[in-house]
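Read in order, the letters of the sequence shown correspond to residues 6 to 94 in the working numbering.
Take the hints with a grain of salt, since some may be wrong.
Here are the simulated DSSO-like cross-link-like pairs (lysine-lysine), alpha carbons at most 27 Å apart as the crow flies [unchecked claim]:
(1) Lys50 with Lys87
(2) Lys89 with Lys74
(3) Lys56 with Lys74
(4) Lys23 with Lys34
(5) Lys74 with Lys87
(6) Lys22 with Lys34
(7) Lys41 with Lys89
(8) Lys26 with Lys53
(9) Lys87 with Lys34
(10) Lys53 with Lys23
(11) Lys50 with Lys23
(12) Lys22 with Lys33
(13) Lys56 with Lys22
(14) Lys41 with Lys56
(15) Lys89 with Lys60
(16) Lys50 with Lys80
(17) Lys50 with Lys26
(18) Lys84 with Lys50
(19) Lys79 with Lys53
(20) Lys53 with Lys89
(21) Lys60 with Lys33
(22) Lys80 with Lys56
(23) Lys74 with Lys60
(24) Lys87 with Lys56
(25) Lys60 with Lys84
(26) Lys8 with Lys34
(27) Lys41 with Lys53
(28) Lys34 with Lys60
(29) Lys84 with Lys74
(30) Lys33 with Lys23
(31) Lys26 with Lys56
(32) Lys53 with Lys22
(33) Lys79 with Lys89
(34) Lys80 with Lys60
(35) Lys50 with Lys89
The hints are simulated quantities; they were obtained by calculation from the structure and are not laboratory data.
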Amino acid sequence: MTKHVQDTAPPRSDAVKKWLKQNIGEQKKRHAAIMKEINVNLAPKRVKWYKEFLKNVSTTGFNFNGDMKRIIAKKDLPKPPKRKDQVVY
């Protein structure tokens with residue numbers, strides 16, 4: 006098997022390894038904060054947004070072709086799932 010340039014990584018200095026470890030730790034903290042904001046703090050608002058959307062679709066409808074609107078009957082709307090709503094990355 007032939008060796009390609011992209012198969013070998015250049016060596017990293019101790020300073021670079023330390024910086025990477027610190028930066029990755031900071032990114033994980035920011036990511037955890039963002040996921041908490043999305044999945045915990047915005048969850049009640051998201052439930053309201055879903056209800057509002059389903060109400061709009063069943064009363065005023067939505068444009069499906071140019072200026073043609075379609076109203077979805079309430080019996081045809083999807084039922085909410087029994088699981089907890091969660092945004093994934």
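Structure versus earlier hints, numbers of those that do not hold, lowest first: Violated hints: 2, 5, 8, 9, 10, 11, 13, 17, 21, 26, 28, 31 and 32; rest satisfied.
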